[in-house]
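Sequence lines, in order, name chains V and D.
Our numbering applies: residue 1 is where the first sequence begins, and numbers increase by one.
Our numbering applies: residue 1001 is where the second sequence begins, and numbers increase by one.
Bear in mind the hints are in silico, worked out from the structure with no lab data behind them.
Accuracy of the hints is not assured; some may be wrong.
Stated by the list, open to error - Okay, derived cross-link-like pairs now, DSS-like style, lysine-lysine, Cα gap no bigger than 25 angstroms in a straight line:
(1) 41(V) - 1052(D)
(2) 1003(D) - 1052(D)
(3) 1069(D) - 44(V)
(4) 54(V) - 78(V)
So you can see what is in the structure, the chains are spelled out below.
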Amino acid sequence: EAGVTQFPSHSVIEKGQTVTLRCDPISGHDNLYWYRRVMGKEIKFLLHFVKESKQDESGMPNNRFLAERTGGTYSTLKVQPAELEDSGVYFCASSQVDNMRLTQYFGPGTRLTVL
Amino acid sequence: DAKTTQPTSMDCAEGRAANLPCNHSTISGNEYVYWYRQIHSQGPQYIIHGLKNNETNEMASLIITEDRKSSTLILPHATLRDTAVYYCIVKLDDMRFGAGTRLTVKP
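For reference, chain D alone in the conformation it holds in the complex:
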């Protein structure tokens, strides 16, 4: 199973870009990189996913390195409501959550 490594916590100033890294050096060729977040005690929320190419949607951008061993989730203009735990997941079938990165957006 692919395993991910994320920093335990990060801070970001409100209005600035938040760049959350994830290492997944054992990822298989057919495994997608998924990002979810959990705000407080709510259910995890899907953010974005990708396979090889960089992806962008209304919430975030996902940059995947060419060797696919790492990726970065970018929240272009972080707000206080983006404070959450962010999970990078690469399990093919059923998602295995790790500890994630606790992002704190500060005023």
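The shape of chain V in the complex, shown without the other chains:
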């Protein structure tokens, strides 16, 4: 069974540009989460999808970040326009909707560098 995949693995962009990160969860996982870790800080929750609906987006830092999950499969996280402080590693995780739903399986992350 394939794990959570993320694309790209690395992205280097200039301040003011737009970047879109993609996450493909484990097949059949209705829960999808985005997290990020900025330099030297802890991993922070961004948002949680249940299928295509946003269950909790309390961790989204500001309106420059837009997450979508059309069709309830893969998800994208767009940063527009990117700022220097957005640099970090963005992780995606997924889980099933059952008693084990809190067992989240993480992808390898996308390392974003904003210059």
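Fit chain D to the supplied structure of chain V, relying on the hints for placement.
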């Protein structure tokens, strides 16, 4: 929200058991204790979880105190590849990572 407290860092000799403690005194009755680890810059990796009873799997054992206010993750025979940051998490819905414990396994 339940909050966890873990030591900042720990060392362990290769081949010995690594015992990582976690305090979660405000845990609610229906909140599980989860342990994850992050090796270098990889994505966090699930290790084990439990509610009340002690649990064991191929990676580790989890000992939860009877009052559920603390737990201990045990890696029975630590290897160099177990060097990582270990996170104890008790948030019911979306995991809130703290600083974790940086475990260094030494030869």
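Q) Which earlier hints can't be squared with this structure? A) Hint 1 alone not satisfied by this model.
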